[in-house]
Each structure stands twice: as structure tokens, then as C-alpha cells.
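Protein chains: 2
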Amino acid sequence: MASDIPPFSGPPGPLFDRLCLLGIGLIGSSIARIARARGDIARTVVAHARSAATLDRVRELGIADVVEADPAKAVQGADCVIFCVPVGAYASLMATVAPHLKPGAIVSDVGSTKGSVVRDLLPLMPKGTHLVPAHPMAGTEHSGPDAGFAELFEGRYCILTPLPATDPAAVEKVAELWRRCGSMIETLDPATHDKIVAIVSHLPHLIAFTICSTADDLAEETKEAVLKFAASGFRDFTRIAASDPTMWRDVFLNNREALLEMLGRFSEDAHALGRAVRWGQADYIEDRIRRGRKIRHDLIERHQA
Amino acid sequence: MASDIPPFSGPPGPLFDRLCLLGIGLIGSSIARIARARGDIARTVVAHARSAATLDRVRELGIADVVEADPAKAVQGADCVIFCVPVGAYASLMATVAPHLKPGAIVSDVGSTKGSVVRDLLPLMPKGTHLVPAHPMAGTEHSGPDAGFAELFEGRYCILTPLPATDPAAVEKVAELWRRCGSMIETLDPATHDKIVAIVSHLPHLIAFTICSTADDLAEETKEAVLKFAASGFRDFTRIAASDPTMWRDVFLNNREALLEMLGRFSEDAHALGRAVRWGQADYIEDRIRRGRKIRHDLIERHQA
Chain A
1 MASDIPPFSG PPGPLFDRLC LLGIGLIGSS IARIARARGD IARTVVAHAR SAATLDRVRE
61 LGIADVVEAD PAKAVQGADC VIFCVPVGAY ASLMATVAPH LKPGAIVSDV GSTKGSVVRD
121 LLPLMPKGTH LVPAHPMAGT EHSGPDAGFA ELFEGRYCIL TPLPATDPAA VEKVAELWRR
181 CGSMIETLDP ATHDKIVAIV SHLPHLIAFT ICSTADDLAE ETKEAVLKFA ASGFRDFTRI
241 AASDPTMWRD VFLNNREALL EMLGRFSEDA HALGRAVRWG QADYIEDRIR RGRKIRHDLI
301 ERHQA
Chain B
1 MASDIPPFSG PPGPLFDRLC LLGIGLIGSS IARIARARGD IARTVVAHAR SAATLDRVRE
61 LGIADVVEAD PAKAVQGADC VIFCVPVGAY ASLMATVAPH LKPGAIVSDV GSTKGSVVRD
121 LLPLMPKGTH LVPAHPMAGT EHSGPDAGFA ELFEGRYCIL TPLPATDPAA VEKVAELWRR
181 CGSMIETLDP ATHDKIVAIV SHLPHLIAFT ICSTADDLAE ETKEAVLKFA ASGFRDFTRI
241 AASDPTMWRD VFLNNREALL EMLGRFSEDA HALGRAVRWG QADYIEDRIR RGRKIRHDLI
301 ERHQA
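Taken in order, these protein sequences are the chains called A and B. According to the numbering used here, the first sequence is numbered sequentially starting from 1. According to the numbering used here, the second sequence is numbered sequentially starting from 1.
One or more hints might be untrue.
No copy is singled out in the list; a pair is fine if it fits within one copy or between any two copies.
What the hints assert, rightly or not - Simulated pairs of lysine-lysine, DSS-like, Cα-Cα distance not exceeding 30 Å: (1) Lys73 / Lys127; (2) Lys73 / Lys173; (3) Lys294 / Lys173; (4) Lys173 / Lys102; (5) Lys173 / Lys228; (6) Lys127 / Lys294; (7) Lys228 / Lys294.
FYI, nobody ran anything at the bench for these hints, they're computed from the structure. Keep in mind the model is a prediction, meaning the values are calculated, not measured.
Between the sequences and the hints, there should be enough to build the whole structure, so can you do that?
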């Protein structure tokens, strides 16, 4: 599972001549801010967004050298193009930009699902271009170009899922981009990646969204009290549940199999615990609670908590 | 739902002559620290714990005036006795201490379930003593006498669930104790309390324990990766899941009906969302996510987030 990507051995100076960010929300605008601050990631940063309001805001923020409404124009001449839009938008966006990609261009992304990225992008890659899917494991519940910040990826893992036939030099460059963003690099195959994130990220989000909407469904009187007395347990869930709806809708739909498998396992376990509560099986309940604590303890030992 | 308890109208100076804390973990030791720091809660604070190690530690910390291993002795002469042990231990502890309660003593508690407290304590209350159940809605995932701190209850709700026949003067004194701890007071009937905390606190804990033990069940290789890549979503869950196992086991068993009802509602909603993922119902998924965000938004508006 450890990264087998060698240290970057390219020339000093900017990694890329022209870096194009397709989408400039939390992740895209954080990359843009880092590129601006460091200077050694790209000579020119091009930002594309679909909405005029976002484009205006990016101009105001001054975090990109070029702001371009037309994705086909945005990718022209770029030696690296990073998809930073919800994963459900990849296929149609790629169909638009593929004919305009520079020969030899590297195409990467920041999506939370990786099997779908290979499925949606690889068939449309022009000959001689290189696909290096990436997933920076960092984020907040905020979204949009104002939400980004240069420290977002510091000390966080970035998982690359290159295919066996991918040009190692392209993989090395994408890995180096993320190292310069402060990330630790790991490589996984797309299927393993999708299974892991299903349990560590996608299922927790599905659960958080669910419990918040369950609360919303409660009778008006009780709901008022829910808001009034939201204890820390529930508050943590609502923080997770504040994340971007379009992005998460797309994540769920594009990691369907792994997510449903983990939801199935979780449901069995939740029902088993519910049954133990109904029948007063104190030992079983305590055992399950202790196993949850053990995971927490393991996390703290790894200084990740 | 608003508190109908009038402001405290008793004499200035300490509320109680002798305050006995049965149990001196996170909550009990926080009360003891506040009583020591303020001076106007009790002239003498008596701390009881079952384990010799805890008693020794309380002596070292110097947070109680009297440290007493025998609960029958601990309550003697106390005008206020607060149960700060797991709710499953109330009935047998009450059987032990009831014959030794001072005439007119106030008995209160800090448990997360209130129907069970009335069920377990009220039948054993000697004539002329006063039961005022309380639930300070504050806590951390840490436990034991070292975990307490004087600011724990500041700005947090404390819910009282007095019965209609309870002496108003006793209710006023307990309310004033919690006001002096920094809490905002609300009164509810025990059943309404139990239903509300089932959704805002007990179900989130049950879910957090479950997802952590689900992760623990994954194959060894994947589990390693789970620990390695635990994203923020999962980390929040493990924090919740680090709470005290005995306390939470007792909470689940003593709020059985309300918890199982909320688990049932949540399960239906989680399965409905899972079904929408399976069948690609994008609008449904997005709607559920947006409803979760709405609750978050409402919370932020109330400055509770």
C-alpha cells in the first residue's frame, strides 16, 4: 500500500508551464492559492468555472492568472489539467475539453471516487495524454472559491490511483504537485481506494445526512427541542452534514457498490446493537462500545486523531 | 418547554450545608471543582466513589472536603445528594443510602435518562425527602476524576424533570445550583426529555459506536487502511465513540423505548437513501442532503453550532 513513486527528479523551477483547474471551489481554489504562494507549481494558473458569479469572485480574489468561462479554451496549451468539479460532471466536461487538450498533457482530478474517474475519463483521453487520478484526503464542510486556503492539504494523505500502463514520469509530476501542496502520497488501485473511502468517508457522510433529515422529520414540537438541546454528539453530525449537496450526491452515485456494501454491514451491526438494547444484553452492548473505543485508541496512537 | 422555575430567593451564602456527590467522574468532579472555586454552592463537599484508586486520586486532586468509601456514611447529614454514577447503578445504590438520608434531604442526579431515574429512585425515597432529577447537557469523551473541569457546564442547558408534586423550594435550589455552575435551566417531563435526548444524543452515540465496530470488523488489510486514511468524517465519529462504555451501556438500556423508536426511524431513512443510491435517484439523494444542511443552518442561527 505504501507509495512506490520515486522522488521527483525533474528540473528545478515550476513543475508545469500552464496548470488548468476545471472547477475552482474548496479544493481547486486551495490549489490555486498554493500555486500563487509557492511559485514552483506552475508559471500560469488558469481557472475555469461554470457560473459567472464564481468567475467574478475568482477575479476579485486574484487567485488565478487567467479566468476562463469556456472549458475548451481553458485547457488549451495546459500541460496539466485538473478536474475539480463534482465527479458526476466529469464525463460531459471531458467530452467538451478532450479535443482541445495539448499533446502530452497530464489529466488529473481531485474526486472522492476513483473507479468512476477511470470509467468516465480514460475512454476519452486523446492518444499521448496521461491520466493520473488523485484524491487529496482533505476538506471542510465549506464550499466555493472563498472556502479554499493554502494549508488545506498540509500533512494529509493524497492517494494516486494510476493505471499500470500510465507513464511513470506523469505520475511523478502529479505526486510532486501534491508533495508541494504539503501532502503525503500513497498509491492504490481504484477499487481498493473506493472500498476504503466508502467506510472512512462516504458512509459517515451518508449517516450524518440521514440522522439530520430524520431529526428534520420529527414533529414540529420535538424538532424545536432537537435544535435547542443539540448535544455535542448531534452537533458533530450536523457539521459533517453541512457539506456540498451536489458533490456528495455525485460521490454516492459514483461509489455505489462499495457504499452499499458498507451500508449493509453497518445496518446489520446497528440492528444487532438495537436488538441487544431491546433484550437487555448488557455484555454485548459493552463489547461493541469497547471495540469502537479501540479504533479511536489506534487512531490516537497514529497521531491522526 | 421554557423553564417556569422562579429565580432563587433563598438567603445569600452557600446553597447547601453539606453536598454529597455519589460518584466523582467527569460530571461529579466538575461539580466538585466548581463548588470549591465558588464557595457559594456548599460549605462541605463529600465525594464517594466505589474504587479505592478513584478515592485516592480525589484526595490527591484535593477537590472534595471529605472522601468517603462507604456510600451510607457519605450521605449522612447531607442536605443535597447528587447521583453521579451510571444510571444502571442508581437502584442498588439508592437501596443502600436511602435509610441514611437526612430528613428533608434533596436527592438529585446527572443521568442522561430521566424516566428510569424516576422509576428507580422515587419508590425508595424516604418520606419528607425531595427528588429533583437533572440532566446537565454537557460532557466530553473523557471520563474519571481527572477529566472534570470547572467550565464544563458553562452556557449549556441543564434539564430538570421534577414531578408535579415535588416541593418547589427543592426544585429552586437544584436549579440555582446549576445556574451557579453556569448552566441555563429548562424543565421537561421525563418522557419528553427521554425522547429528545434519544435523537440528539443517544442515537448519535449508538451510531458512532456501531460504525467504529463495523470498521473494526473489516478484514485486517482494509482495517489498516481505515486507520491510515481516516478522513475527518470518520474521525469525528471515533471521538464520539471514545466515551465511557459502562455509562453508555446503561444509558441505552435505560432509554430503551425512545432509543429503539429513533433507531427505527433512522434505519428506515438510511435504507431509503441507500435504495436511492442503488437506483440512481439523484433528486431524492440531493433533497435528503439539503434537509440535513437545513438543520445545520438552523443550529448556526441559534449560535449553538
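Going through the hints against the structure:
1. Proximity of Lys73 to Lys127 under the C-alpha cut-off of 30 Å is restricted to the intra-copy arrangement: shortest distance 20 Å within a copy versus 85 Å between copies.
2. In this homomeric assembly, Lys73 and Lys173 come within 30 Å of each other (Cα to Cα) only inside a single copy, at 23 Å, whereas the closest approach across copies is 73 Å.
3. Taking the shortest alpha-carbon separations for Lys294 and Lys173, neither the intra-copy value of 38 Å nor the inter-copy value of 41 Å comes in at or below 30 Å.
4. In the homo-oligomer, the alpha carbons of Lys173 and Lys102 lie at most 30 Å apart inside one protomer (16 Å), although the nearest pairing across protomers, at 77 Å, exceeds that limit.
5. In this homomeric assembly, Lys173 and Lys228 come within 30 Å of each other (Cα to Cα) only across copies, at 24 Å, whereas the closest approach inside a single copy is 51 Å.
6. Neither within a single protomer nor between protomers do Lys127 and Lys294 lie at most 30 Å apart by alpha-carbon distance, with minima of 49 Å and 46 Å respectively.
7. Taking the shortest Cα distances, Lys228 and Lys294 sit within 30 Å of each other only across copies (15 Å), while inside one copy they are farther apart (32 Å).
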